[in-house]
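Those protein sequences? They're chains A and B, same order as listed. Counting the first sequence from 1 gives a position; the numbering used here is that position plus 3. Counting the second sequence from 1 gives a position; the numbering used here is that position plus 1.
It is worth saying that the hints were derived from the structure and are not from the lab. Just so you know, even glycine gets a beta-carbon here, dropped at the ideal spot from N, CA and C. One should not assume that every hint holds.
Away from chain A, derived, C-beta distances all over 12 Å, residues of chain B [to be verified]:
| id | residue |
| --- | --- |
| 1 | 12 |
| 2 | 18 |
| 3 | 26 |
| 4 | 35 |
| 5 | 57 |
| 6 | 65 |
| 7 | 73 |
| 8 | 79 |
To give an idea of the chain B side of the interface with chain A (calculated C-beta under 10 Å), a few residues [said to hold, decoys possible]:
| id | residue |
| --- | --- |
| 9 | 44 |
| 10 | 80 |
| 11 | 104 |
Restricting the straight-line Cα-Cα distance to at most 25 Å, the calculated cross-link-like pairs of lysine-lysine (DSS-like) are [unchecked claim]:
| id | chain 1 | residue 1 | chain 2 | residue 2 |
| --- | --- | --- | --- | --- |
| 12 | B | 4 | A | 60 |
| 13 | B | 70 | A | 60 |
| 14 | B | 100 | A | 74 |
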Amino acid sequence: DGGITQSPKYLFRKEGQNVTLSCEQNLNHDAMYWYRQDPGQGLRLIYYSQIVNDFQKGDIAEGYSVSREKKESFPLTVTSAQKNPTAFYLCASSIDTGADTEAFFGQGTRLTVV
Amino acid sequence: LAKTTQPISMDSYEGQEVNITCSHNNIATNDYITWYQQFPSQGPRFIIQGYKTKVTNEVASLFIPADRKSSTLSLPRVSLSDTAVYYCLVGPMNTGFQKLVFGTGTRLLVSP
Numbered sequence: 004d005g006g007i008t009q010s011p012k013y014l015f016r017k018e019g020q021n022v023t024l025s026c027e028q029n030l031n032h033d034a035m036y037w038y039r040q041d042p043g044q045g046l047r048l049i050y051y052s053q054i055v056n057d058f059q060k061g062d063i064a065e066g067y068s069v070s071r072e073k074k075e076s077f078p079l080t081v082t083s084a085q086k087n088p089t090a091f092y093l094c095a096s097s098i099d100t101g102a103d104t105e106a107f108f109g110q111g112t113r114l115t116v117v
Numbered sequence: 002l003a004k005t006t007q008p009i010s011m012d013s014y015e016g017q018e019v020n021i022t023c024s025h026n027n028i029a030t031n032d033y034i035t036w037y038q039q040f041p042s043q044g045p046r047f048i049i050q051g052y053k054t055k056v057t058n059e060v061a062s063l064f065i066p067a068d069r070k071s072s073t074l075s076l077p078r079v080s081l082s083d084t085a086v087y088y089c090l091v092g093p094m095n096t097g098f099q100k101l102v103f104g105t106g107t108r109l110l111v112s113p
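Chain A extracted, bound-state conformation (with noise of 0.2 Å):
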């Protein structure tokens, strides 16, 4: 049954603690993303990648960071330097990053730092 899973669904995590929130694929798609929603708002794009081993910065990747060092592999970290860190974060992919193609968003992860 192909999909794209992340996980844990709910994260809780102390301030000041680096946390990894995991995206995993077998639609042999190329390109992966990572969205932030917070509550009432649209989606804002954290990281991208359009190949194993490449990845963009998107709107507001500061405080995140990103690896593909796979291609149905693609972690979020969420830092301690990201000053607001709670939020539902969700995972993305396509089979490539062609703005005509269709992509498959995971379940998310609602992440809370207390």
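Given the coordinates of chain A, assemble chain B onto it according to the supplied hints.
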């Protein structure tokens, strides 16, 4: 990128047709119009995409007038499960999904 404007919210009843209009006055020649649906605490999912005139699939129809400065997503006979946020995205072909902007969308509430 073309700026989009959608109503913040809409209310409807089960069985009615719902039309959500998106304004994109500065749409470029090579821009596509794409709609996504997002249920609470889930990721968005693709509904429909078009360039001009009318596109229909099993879920919705997309109407685009000749000047392409607006588009209308039409949901026939909505049910309670259509309660969601609907996003209109406008962007160029083949230059990157990452360039598409998810605004605040339209929050549709379907009541019994």
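Violated hints - listed by number, lowest first: Result: hints 4, 10 and 13 break, sorted rising.
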